[in-house]
Structures are given as C-alpha cells and as structure tokens.
Amino acid sequence: MTARNSIIPVFVPHLGCPNDCVFCNQRRISGHTEPATAQTVKSAIENAAALPPKGAKRQLAFYGGSFTAIPVAEQTALFEAAKPYLDDGTISSIRLSTRPDAIDAETLVRLKKYSVQTVELGAQSLCDKVLWLSNRGHTAKEVEDAAIMVKQAGFELILQMMTGLPGDTDESCVETAKKIIALRPDGVRIYPTVIVRDTELYDMWKAGTYKEHTVSDAVRVCAKITRLFDEAGIPIIRMGLNPTEDLSGGDAVGGAYHPALGELVRSRMMLDKAVQLLDGIEPDKHVVLGVNRSDVSKMIGQHRCNVTELTAKFKLRSLKITQTDINSGEIKLLSLD
Numbered sequence: 000m001t002a003r004n005s006i007i008p009v010f011v012p013h014l015g016c017p018n019d020c021v022f023c024n025q026r027r028i029s030g031h032t033e034p035a036t037a038q039t040v041k042s043a044i045e046n047a048a049a050l051p052p053k054g055a056k057r058q059l060a061f062y063g064g065s066f067t068a069i070p071v072a073e074q075t076a077l078f079e080a081a082k083p084y085l086d087d088g089t090i091s092s093i094r095l096s097t098r099p100d101a102i103d104a105e106t107l108v109r110l111k112k113y114s115v116q117t118v119e120l121g122a123q124s125l126c127d128k129v130l131w132l133s134n135r136g137h138t139a140k141e142v143e144d145a146a147i148m149v150k151q152a153g154f155e156l157i158l159q160m161m162t163g164l165p166g167d168t169d170e171s172c173v174e175t176a177k178k179i180i181a182l183r184p185d186g187v188r189i190y191p192t193v194i195v196r197d198t199e200l201y202d203m204w205k206a207g208t209y210k211e212h213t214v215s216d217a218v219r220v221c222a223k224i225t226r227l228f229d230e231a232g233i234p235i236i237r238m239g240l241n242p243t244e245d246l247s248g249g250d251a252v253g254g255a256y257h258p259a260l261g262e263l264v265r266s267r268m269m270l271d272k273a274v275q276l277l278d279g280i281e282p283d284k285h286v287v288l289g290v291n292r293s294d295v296s297k298m299i300g301q302h303r304c305n306v307t308e309l310t311a312k313f314k315l316r317s318l319k320i321t322q323t324d325i326n327s328g329e330i331k332l333l334s335l336d
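For the sequence shown, position 63 (counting from the first letter as 1) is numbered 62 according to numbering that gives the first Met the number 0, and the numbering increases by one without interruption.
Just so you know, these hints were derived from the structure itself, not from any lab. Only a predicted model underlies this, so the values are computations on that prediction, with no experimental measurement involved. Fair warning: there could be bad hints in the mix.
[Stated by the list, open to error] Heads up, simulated EDC-like pairs for lysine to aspartate or glutamate below, C-alpha to C-alpha not over 20 Å straight-line:
1. K82 to D100
2. K205 to D19
3. K314 to E281
4. K178 to E155
Using the sequences and the hints given, assemble the complete structure.
In structure tokens, the structure reads:
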C-alpha cells in the first residue's frame, strides 16, 4: 500500500457484528445508516471513476462493520458487484475491515478469489481484561492467530488498536503496541476512545463508571506508542476518528475527539525530545532550536504551547524555533547564550 492509492470507501455499518462493543455505534461514527448493497458498490466505483485518476491505483474498501462475519451470500453479492470493475481495471483490488474471530482458512480462500489485497483487523487491545470490559467478544490470542493467518495467506495486514478503553492504562496500551509490532503488520490505525451517543460507554460515563479518556490523555499515551511504531518501521495510516458532521455536531460527547489528533501527538513527541535535549541547562538563557522545515509548527505547538512550556520549565529568557537542514523528527540546539 502507498499513499498514492485512491481509496473508494463503502460503509457497511454494524453488518456482521455479533455483539455491540461498549464504545461502538458505527452509524453515528461513520455517518452512514443504510446497509451497503450491490448498487451502493457500483455507484461508489462509478462516481470515483468519473474523477481524474492522478496516476493512483483505485482500491475498493469495505469499512465500518465486520465484513467476513456477514452471511456469505451477502459478501458474495457485494464482491460480485465489484468484479466487473476489477476485470476492466477500473479498480485494482479490494480491502476490508473485520473482526479477528471472523477469520478462518475458508474465508481467506474466498477473499483471494475476489482480489482482496488488504485485511484490516480490529484488534483494539491485546489485553484480555480490556477486551472483556469492552465486550469485544474475542480474546487477545484470537487477534494474534488471525493476524498470523492473514499474513501467511499473503494478504497485506493492517491492525487497528484503541487507547483509553475501559480498564486501559498507559502501560496496557504500550503493551498492546509492542504485541502488535511483534505481529509485523503492514500498517496500524490508532483510535483513542471517543464517547459516542447511544452507546453503552456513554451510559457508563454518565453513571460515573467510566473515566473519560481526554484529548490530553490520548496525546500523552499515543506519543509513547507512536515512537514504538516509528522505531519498528510500521506506518501509522490513521490516528483518531475521521471527523464527520454527526460527530462534530454533537454525537461525540466526550473523549479523544479532535480533527488534528495526529498533529497534536507529533507535537508532543517534539516537546519530549526538546525536554531531553535541554535537560541540565542553566536558567536565564536565550535558546534557539533548529528543526526540519516540516516540523516547525509541530515544535512550536498549538497556540505556542510547546514554546510556553519549555520556556517555563527551563526558566529561559527566550526560545526561538527555526528551520534548519536536518531530518524530520530531529531537533538541534543551534544557540545557547
């Protein structure tokens, strides 16, 4: 998978889900309420095909439900609707998201038959306590077994994880990230928990039995796990729920919902590096830090929060951030007077 691939999304909200996870209401999260049909698939592909290709390969993506848990006849109908467009090259392949406990050898053979290239597994956590408290209906071992089967069958594997679920801690999130890295996926999605209306989690939050996982909490823990994925060379292809009119309009009532969560996390990582770099300097200094051009805004921070925090923490007289010729993600101390 490359960033140049063009994704054609088709949402299958709640189709195939055998139970309701405490955090989930896919209709509100995705903004789509009707089940996908063969006509939905055809319309999505043809609408996308009407746009200039820009040299990108088009991939049909079934999102929002547990695709391989849908009755086989319904899966086949959706695949068959896409087949003519695969045959004529309008689309190059298919990707889908599903549950780890909806993967077996027979299923993988069927996916191969219909040119599925990418399988996304909703792992969410690899801590059994967290999975149980979230009513996921599967174990950590089932995630690991499914991931291995998908990889061995030759599919591209994407794993999805969440932070801030019931029973979660920073430590359990870091442990989940480490276990995901050990499975060597081709990419990950990180979804810090958002409290969505009409979910069990919303009721738990209102009753005081679930403590909100705030944007600040998510930034803190995601900075830790992002560093692990970066070091392992595993790309993060999404961080945080994709903003929708419904979520922004009031369906997201709490939790880590922010339209630029990934930017906040990268900014926090730059702050952490700067703290290490400046550790031990004497107070009352004029400091100039150099970063790659692409990192200037991240280093400054939203509303200059990083500059403010560093200035206060190290009792600096002034702090200036400037671009310099170094790799993205690095920080260089250019001046200390």
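Hints, one by one, checked against the model:
A threshold of 20 Å between alpha carbons decides the hint, and for K82 with D100 the separation of about 26 Å lies outside it, so the pair is violated. Proposed proximity of K205 and D19 is supported: the alpha carbons are some 18 Å apart, at most 20 Å. Between K314 and E281 the CA atoms are separated by roughly 8 Å; this keeps the pair inside 20 Å, and the hint holds. Taking the CA atoms of K178 and E155, the gap is near 18 Å; set against the 20 Å cutoff, the hint holds.
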